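Chemist: Protein chains in written order, with this note's numbering: chain X, 1 to 258; chain V, 1 to 226.
It should be emphasised that the hints constitute simulated quantities derived from the structure, not laboratory data.
All figures in this text were calculated on a predicted structure; none of them were measured in a lab.
Certain hints may be false.
To be verified - Which residues of chain X face chain V? A partial, calculated answer using Cβ under 7 Å:
1) Ala32
2) Thr59
3) Ile77
4) Pro80
5) Gln84
6) Met107
7) Val110
8) His201
9) Met203
10) Phe205
Ideal Cβ positions, reconstructed from N, Cα and C, are used throughout, including at glycine.
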Amino acid sequence: MSEDSSNILVIKNLNISFGERKVLKDLSFEVAKGEVVVVIGPSGCGKSTLLRCINGLETIESGSILLDGVNIAEGRIPWPLVRQKVGMVFQSYDLFPHKTVMENILMGPVKVQKRKPAEARAEAELLLERVGLLDRRDSHPRQLSGGQKQRVAIVRALCMNPEIMLFDEVTASLDPEMVREVFDVMLELARRGMTMLIVTHEMAFARAVADRVFFIDEGVIVESGPPEAFFAAPRSLRAQKFLNNFKFEDVKTKKTSL
Amino acid sequence: MLASAVKVFSNGQNFLRLLEGLWMTLKLSAAAVSLSLFFGFIVGLLMLSSRKTVRTSTRFYLETIRIVPVLTFLFLFYYLLSRTFKINLESVTVVLLTFTLWGTAEIADLVRGAFTSIPRHQKESGLAVGLTDLQVQLHIIAPQAARRLAPGVVNLVTRMIKTTSLVFFIGIPELVTVSQQVVEVAAYQHNRPAAFWIYGLVFLFYFIVCWPISKISKSLEKRCLY
């Protein structure tokens, strides 16, 4: 362990290409234990790809990804082992439709981690209670709303007791009134000290939850820093332009008679 | 009118012969369907292979079977093999060969379709909870594919039962063949038109066999919605 042991995740010179197109260019950063890092940037900038390569869903071209000081990018450690430490939640929830809420959650702990069903179930119930869905444990995903499905998906990842959680635009396909319930769960996780890497387009949430914000554009981290500074006064022109997309001028006060 | 029906059916064990014809139809169908299911699953999984040569050759097989009418294969194996290559196959063997080739291709394509219709995200979220590739296929993809597969397979079964009537052309005494014989005997020997009653009964037989299967398909389709 040559790395600073307070860093759970250390990424060095990460390169990823899709065919001719370079998606991530020489990306390097660290995430400390308990830190919440929010990654923002325009669509196609590579932020989802970044998350996906941390649990092996994308093939890495070069560079290293150290999880707890161990390089997982070399392929020496089987990805199923790595993925037990890395919880991931997707945009489209992706619960298993043929299984109940409880069966969805127990898949990892029982089938993969070989834990005792009773013990895993007790933990799952505790987590479901925390996200307010204990009464839905025997429901099928089709009987749940989008927000409920996403909260179950979060519990499914949490029940593996991961060291870091990855959130890939988890509210992007939710109705606006359901976004809040999912964010509340994530804020609660942050409060409990979970290490999280979050990709989102919700700037207000990013500001509230982040310890650090990364602005990625065209495969490089253009700017990073504490959210207060970043959102109040972004240094780079590209970040300024990007943040302006989320601002609306008040039309009413400027209306003039035509 | 009804009296003529009774005459037609009671004449020379006609009704019994028709029942035997039906029995032959059911036996042929059951054998062809079981063989097709068995080989269809194997070929279907081959169609999902990551090797291009395997995919192309199974695709070629499927398209060949689809383009050429079943009857052509029936004649091909029955006449061409015996005349040209001096291979004499029993007519029942020819039927099973033809229908299994056809059924295997259709079921294989259904299996391929069912598996590829499962969204890519299902695989990814399975992997994300730490399942191995094999576990993902076994616990996540296969159960969902099976549900999507069921209605199509049941539909194909009814189609295969009905299509066995083609074996009439190579003289196997199944339902349609027997009914044709009965109608002809009635017309030429007894000068009695029997077509209406006999084919009416054939209609009823096929209906009794296929309708419940088709019903099962409908209810499966409903249950597969989730």
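Chemist: Take the hints in turn and mark each one as holding or not.
Modeler: Status of the hints after comparison with the structure:
{"no.": "1", "hint": "Ala32", "result": "violated (23 Å)"}
{"no.": "2", "hint": "Thr59", "result": "violated (13 Å)"}
{"no.": "3", "hint": "Ile77", "result": "violated (12 Å)"}
{"no.": "4", "hint": "Pro80", "result": "holds (5 Å)"}
{"no.": "5", "hint": "Gln84", "result": "holds (5 Å)"}
{"no.": "6", "hint": "Met107", "result": "holds (5 Å)"}
{"no.": "7", "hint": "Val110", "result": "violated (10 Å)"}
{"no.": "8", "hint": "His201", "result": "violated (19 Å)"}
{"no.": "9", "hint": "Met203", "result": "violated (26 Å)"}
{"no.": "10", "hint": "Phe205", "result": "violated (22 Å)"}
The structure fails hints 1, 2, 3, 7, 8, 9 and 10 (numbered hints given earlier, in ascending order).
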